[in-house]
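Visitor: Read off the chains here:
2 protein chains.
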Amino acid sequence: MNIPNEFSKIKEHFSPKVIGEVNDTYIKLAKIKGEKVPWHNHKNEDELFYIIDGSLLMEIENEKPFMMHKGDLYIVKKSINHRVSSQEECCIILIENKTALHTGTVHNEITTSITAQLR
Amino acid sequence: MNIPNEFSKIKEHFSPKVIGEVNDTYIKLAKIKGEKVPWHNHKNEDELFYIIDGSLLMEIENEKPFMMHKGDLYIVKKSINHRVSSQEECCIILIENKTALHTGTVHNEITTSITAQLR
Numbered sequence: 001m002n003i004p005n006e007f008s009k010i011k012e013h014f015s016p017k018v019i020g021e022v023n024d025t026y027i028k029l030a031k032i033k034g035e036k037v038p039w040h041n042h043k044n045e046d047e048l049f050y051i052i053d054g055s056l057l058m059e060i061e062n063e064k065p066f067m068m069h070k071g072d073l074y075i076v077k078k079s080i081n082h083r084v085s086s087q088e089e090c091c092i093i094l095i096e097n098k099t100a101l102h103t104g105t106v107h108n109e110i111t112t113s114i115t116a117q118l119r
Numbered sequence: 001m002n003i004p005n006e007f008s009k010i011k012e013h014f015s016p017k018v019i020g021e022v023n024d025t026y027i028k029l030a031k032i033k034g035e036k037v038p039w040h041n042h043k044n045e046d047e048l049f050y051i052i053d054g055s056l057l058m059e060i061e062n063e064k065p066f067m068m069h070k071g072d073l074y075i076v077k078k079s080i081n082h083r084v085s086s087q088e089e090c091c092i093i094l095i096e097n098k099t100a101l102h103t104g105t106v107h108n109e110i111t112t113s114i115t116a117q118l119r
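Those protein sequences? They're chains A and B, same order as listed.
Note that our numbering has the first sequence beginning at 1, numbered continuously upward.
Note that our numbering has the second sequence beginning at 1, numbered continuously upward.
Just so you know, not all the hints are guaranteed correct.
Unchecked claim - Quick list of the computed label-pair ranges, beta carbon to beta carbon: (1) B/S113 with A/H107: 17 to 23 Å; (2) A/V106 with B/P38: 43 to 49 Å; (3) B/M67 with A/N62: 29 to 35 Å; (4) B/H107 with A/E21: 25 to 31 Å; (5) B/K77 with A/M67: 32 to 38 Å; (6) A/T115 with B/E21: 25 to 31 Å; (7) B/T115 with A/E21: 23 to 29 Å; (8) A/P4 with B/Q87: 20 to 26 Å; (9) A/K33 with B/N62: 41 to 47 Å; (10) B/E21 with A/S85: 33 to 39 Å; (11) B/N2 with A/K77: 15 to 21 Å.
To be clear, the hints were calculated from the coordinates, so they are not data collected in a lab.
As the structure is a computational prediction, the values presented were derived from the model and not from experiment.
By construction, the Cβ of each residue, glycine as well, lies at the ideal position given by its N, Cα and C atoms.
Generate the whole structure from the sequences, applying the supplied hints.
Guide: This is the structure in structure tokens:
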């Protein structure tokens, strides 16, 4: 599959879509635009962010926020509180263990089940 | 980290370099040029290929070979015999379980240990 082409099929923001599995890990695509992702963490799961297009503000608790741009990769380690946002649309690849919940134990308007992400 | 920048530090071909960990999974960068990768499989591990730059010929046993280009992603499922090659230099991200051996149970001139890949 071609990743830019897969992104062209995604219309919603904040709605990760599973595009593949590598053993216990899901490969997901997501479009971020705005500030709807709540502060959250994944107790047992690391989470990889890779920027395909656009820019993403990464906020890590007790650290200085930083901007990620196309081609940048960052791994939020398990249990670390974090939040991402973007003024303009940002296309990202997410890689995380299958057990990871979208917004950790926090539920808000953007929270989606893994069933929805697999559609 | 910036992926194109990380690739600029890699001089050797066929020598995967671990750049991150997502739970039980390694994220690796590799440069492919030539036909030195032997036919092999990973008994228990899926292997993700994502093309950052260049083109890669993917050969899967009993299937028609196909070319992968920049932005293409393909997951070779566990135990499937495969081989990759490239006429010109090709930069790829590999994602696979930590237990995966570079060239499966086949050892040849390009086989490297995970210790070398972690350097």
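Visitor: Decide, hint by hint, whether the structure agrees.
Guide: Comparing the hints with the structure gives:
1. Remark: the range hint 17 to 23 Å for B/S113 to A/H107 is contradicted by a beta-carbon distance near 44 Å.
2. In this structure the hint that A/V106 and B/P38 lie 43 to 49 Å apart at CB holds, the actual value being about 48 Å.
3. One distance hint, 29 to 35 Å for the beta-carbon pair B/M67 and A/N62, is violated here, with the actual separation near 46 Å.
4. In this structure the supplied range 25 to 31 Å holds for B/H107 paired with A/E21, their Cβ-Cβ distance being about 28 Å.
5. Restraint check, B/K77 to A/M67: a C-beta distance of roughly 36 Å satisfies the suggested window 32 to 38 Å.
6. Distance hint for A/T115 and B/E21: a CB-CB separation of about 28 Å, consistent with the stated range 25 to 31 Å.
7. A beta carbon spacing of about 28 Å between B/T115 and A/E21 agrees with the range 23 to 29 Å that was offered as a hint.
8. The beta-carbon spacing between A/P4 and B/Q87, approximately 24 Å, falls within the hinted interval of 20 to 26 Å.
9. A/K33 and B/N62 have their C-beta atoms about 43 Å apart, which keeps the hinted 41 to 47 Å range intact.
10. Taking the beta carbon of each, B/E21 and A/S85 are about 26 Å apart, not inside 33 to 39 Å as hinted.
11. Separation of B/N2 from A/K77 is about 19 Å and conforms to the stated range, judged on CB atoms against 15 to 21 Å.
The structure fails hints 1, 3, 10 (numbered hints given earlier, in ascending order).
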